[in-house]
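Hey, can you piece these two chains together into the complex? The hints should help.
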Amino acid sequence: MSIFDRKSQPLSAHQSPNQEALNYLAEHELETYVLRLYVASNSLRSLRAIQRIQKLCEERLPGRYELEIVDIYQDPERLEQDQVFAVPTLIKQLPPPLQRLIGDMTDMDKLITCLDL
Amino acid sequence: MVQSFSRDLKRQLTKCPTGIRGLDEITYGGLPQGRPTLVCGRAGCGKTLMGMEFLVRGALDNSEPGVFISLEESTDELAQNVSSLGWDLDALVAKKLLVLDYIHIERTQIEETGDYDLEALFVRIGYAIDRIQAKRVVIDTLETLFGNLLDTALVRSELRRLFLWLKSKGVTAIITAESGDQSLTRHGIEEFVSDCVLVLDQRIQQDLSTRRLHIVKYRGSQHSSNEYPFLIESDGIVVLPLTSVELNYTVSSERISTGVERLDGMLGGKGIYRGSSALISGTSGTGKSSLSAHFAAASCSRGERCLYVAFEESANQIVRNMRSIGLDLETPQQAGLLKFHALRPTFYGLEMHLVKICQLVQDFEPKMVIFDPISSLTSAGLFHHIQSFLMRLVDFLKAQGISIVLTNLTTDGTPLESTDVGISSLMDNWLLLRDQETNGERNRLLFVLKSRGTHHSNQVREFRMTSQGIEMLDVYLGPDGIVTGTARLVKEAQAAADAVARQQEIERKQHEIERKRLIVEAQIQALRVEFEAEKADIDRLVEQAQQHESQLLQEQRSRAKYRYAEDTLNPTNYTS
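Protein chains in written order, with our numbering: chain A, 1 to 117; chain B, 1001 to 1576.
Chain B on its own, in the form it takes in the complex (with noise of 0.2 Å):
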């Protein structure tokens, strides 16, 4: 098992890093150790600086000393050309980290009188290497070779030795050629090289220069067959690699306020997931920016730094315009966590856009991106080209966790439920914004249209700008659906007078009762006087008939008396 997983890791081909930005990733380490790499392409494409920086990086993140064999421009010339991009050749020529050797061929001061080989060539390489000992080695450009020597035959035979004996040093080198018509190379060189073979091109469309590479042949390798677009930045080669970004970043499950409360509560309570995309989509007028503005606000709230990428309003309008809804954007632009990055679509190419977005973000951190609005990017690229910029702007920043929110300008006439650049599909939640018109006013809408992953309000609710800031407002439905703005207050009102009669009709129930109540109450007294009055005359009564009885008998003893009567104990007798 030991011996298979060694015998794995010696079949896996070596790759020597180029350190350029991006390269790297599509190819996935960097080019093959130890062989000889071709890269083409026509003039002004990037290809000798592409080979200088992969020695300038290589010299200064990998301590690999290299060596420039340049048959076309000086040595004083190539300092000069690099040290814009910051890069001191004259210093690492100086630490023994780089050698520059300008090999001049000028077919004037050359006579060709018989057989030869290109033996010096190689002698003048191989003296270069082993000099400061390089790993790597770039020469620049071979076609120079074809220019200024009549016998091709020998040269292409040459070449073939050439990269051979590159090979068998073990160096890792680049071999610059121009691009043909037919063939990659003009010469067909192409055919010499078997490992790696890049193509730099430059094309214009719509005014607007992209430059590109591409992988024709990475041997050994697994390697994108894609064109990625590069630029040549300030401080060097960028290739974005973002279209090889993989759906495979981790999610949060944690919870983003939006900034507007009613709005958390319509996406289940808890406003958005955090490092998920949001599109807020609506035509003119609805409040996008300000909707997004909340966005930004909150999470400087949070004491996250938010980036407002705005391609129409300048920074300070925005601020005030901002002010005027009570979101105060000021301060926390002063405290650093917002930033705001406003310039026009047309500034730049697409594809600088996305590095110069790249290089704000990483240099920002921030934990949220606002780009308001995409719609205008139409103006700076063709529509395949802007959702494939979007599709890589969200990947690269959901990639690292950042929340994003898009708004977009729905124009009139299309769809509301489309965007102009048709990345819809690429968000996570879409809030609409659309207005109503009825009774001779406009009414401010929102509605969730999509939010994945929440358990959401399928509500359309109106919304006020207030000095407060974005109000949601409770629902009044009409026969015609949603009731807004004026007919809402009407609305409103009748149900506040609605309430107060169902009041007072409560209330007037209650009187009633209470009234009758004290009618019972009244005649059950009544009842109990009569009652009395009718006891007492009973009462007396009996009393009366009592008092008369005793009476009879008192009279009835003493007539017993004269008599001597036997039965005086006995008075019944006499009533009978």
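Bound-form chain A, shown alone (with noise of 0.2 Å):
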């Protein structure tokens, strides 16, 4: 059996949860991070963060992230969808559950804990 296979599987509430296939998404799947940086391009605060961001993704999550950065004078109509008020601000848009943290991300601590890296 292939994991593409496996994948097309619904997982219903009927079926009993393979548990291999469970496994196999945790290892595989979830762990691509979509990740989106939202930075004031003017502030050192900002290029702290990104710095930051960058060293921990490729430390913690080589060849399975993205990252996009996104200034807010650049694109200002985006900061309504995601609900950003602040900067720095990262949003953790995959894997579930969303995430918005903010700050220059200085509490390397609790953005580890917070990104379950």
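Don't take each hint at face value.
Derived coverage of chain A by chain B (criterion: at least 3 residues anywhere in the stretch with Cβ under 8 Å from a Cβ of chain B; other residues may be distant) [to be verified]: (1) 32-44; (2) 68-78; (3) 83-97.
What the hints contain is simulated information worked out from the structure, not anything from laboratory work.
Idealized CB from N, CA, C, for every residue including glycine.
Structure representation (structure tokens):
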């Protein structure tokens, strides 16, 4: 049975969850991180945050993360949709749950806990 | 001179009209243009609504686009909440006159990992402003930031920056905040707003709730320091700036009839001044309502609309009762000249009454308003509230040249010349009705206690309710003062009898003199007859004597002829 076959099998309440499949998903699918970092281009705090998050991702999530950096001055219309009010704001879109982390990531331990790395 | 003039203009604070009824009056034009205003108050006192009305009125009346930044309610909730006031936010959004932005800050979804600032909030607000070139901004409410962010020091410094930034954007802003126990706002953000601070408050006294607005601070502008009641009406906020009414309204020298001819006579012959106030006070059953109905009927007969505010009787009852004294109020009512506004005073609070009445007056445009009776307002508020209510009411009406008639029931045991609601000094005219009990009957008396600016009668007059209305009667004074009722009838009969007796006496005297004249004339006639008789006698005697003389002469001549006497030519010789 290939992984794709397993993936295509719907997990409904009627079926008993296939533990093997869940483990597989946990290892491979969910660990692809989709992150979005909102920064103010002119602020040192933001530059610091960019450096830290990039370093962390390279260390902990090599090859399985997407990090988008959004300048709030360039794309103000995106702030409403992501409910951003502070900079820097890191949004962890995937894996769920969605999380908002505000601050310049000086509290590395908290960052690691929150992102469940 | 031109320079100094323009400098004055520059120095003068420009104001942004809010469009909220009454608020622009008490702020002398509106909120400070291009500056933030802090509106603080407890939950449910109307902060959000005031902010929203500021934007809606600005968009509709001044075509100024506005941005509403909500930190509490979602945009859908906001639109729903105000749709009952007839404001269609979606339509305004579609016309690019309004932007609603919900900034959702949920503590459970936020982790703080270090230093941050609220620049993104500024960018969002700035983006919303730029999208529609907004002139007005409302942020509701900033307290949410304190509740959801741990770093209050940072929030404070960012708010300070926010206020400065809003100023630099040149928008007129309303920022709402929760009231605190010790300070104006819970987190002391009033210290960042130096220009204008409004406090909203809701208080319950005697089971009746009143919302109040207070301008705590308004830099660079005159403002009244009073607390103003305000209401959330079916179409928005109404601030009642009526205590700020100045006593500078124009007055009329035209006089209007009271509807009772002889009462007009007592008031200098012409009635009361148009636009003045008249108080009719008296104990129960003295005819206060009937007299005020005369005022109403007189107003309608002049073709002027009259509003009759009845606190104790229904409109139909008043119409029926007045029919019994010959007053037809139904015809003017159907013709739209007379409008009844009948309701119990306790139906709602005094302020609500005031607003309702003011609205009615503005819609109906009456020339006369009657309140019957104001004494029943005591069930709707405390003494000084009623006094303030009536003062504002009277001022409001007088400022528009509307004549006012108030009736007041004087309760037993209180002096007649006072009112329970302490407004007698406000009144221009005061008609005192009372009844007098004599000879086992009660009779009604009327007295003009005061009538400013008229030469009025000082007499106590009796009046009667007849099928043709109120009839003022002549005055009869007895040994114990004015005589009323049956005693007056007796007095009237007495006077009539006296008059008859006097008339008879005159006639008798006239007869007598006529008789005397006849007697005198008869006597004159008799004397004349006697005289004529005597004269005839004398005449006859004279004639006889003359005949005798001529006979003698004749005889003498005959004798002389015989003697050929020479002296026949001189007969006198014989006589000697």
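Evaluated hints:
1. Only when three residues or more bring their CB closer than 8 Å to a CB of chain B does the claim for the stretch 32-44 of chain A stand; here the count is 3, and the claim holds.
2. With 4 residues having a beta carbon nearer than 8 Å to a beta carbon of chain B, the stretch 68-78 of chain A meets the requirement of three or more and the stated coverage holds.
3. Residues of the stretch 83-97 of chain A lying with their CB closer than 8 Å to a CB of chain B number 8, which satisfies the three-residue condition for coverage.
In terms of the numbered hints stated before, the structure departs from none.
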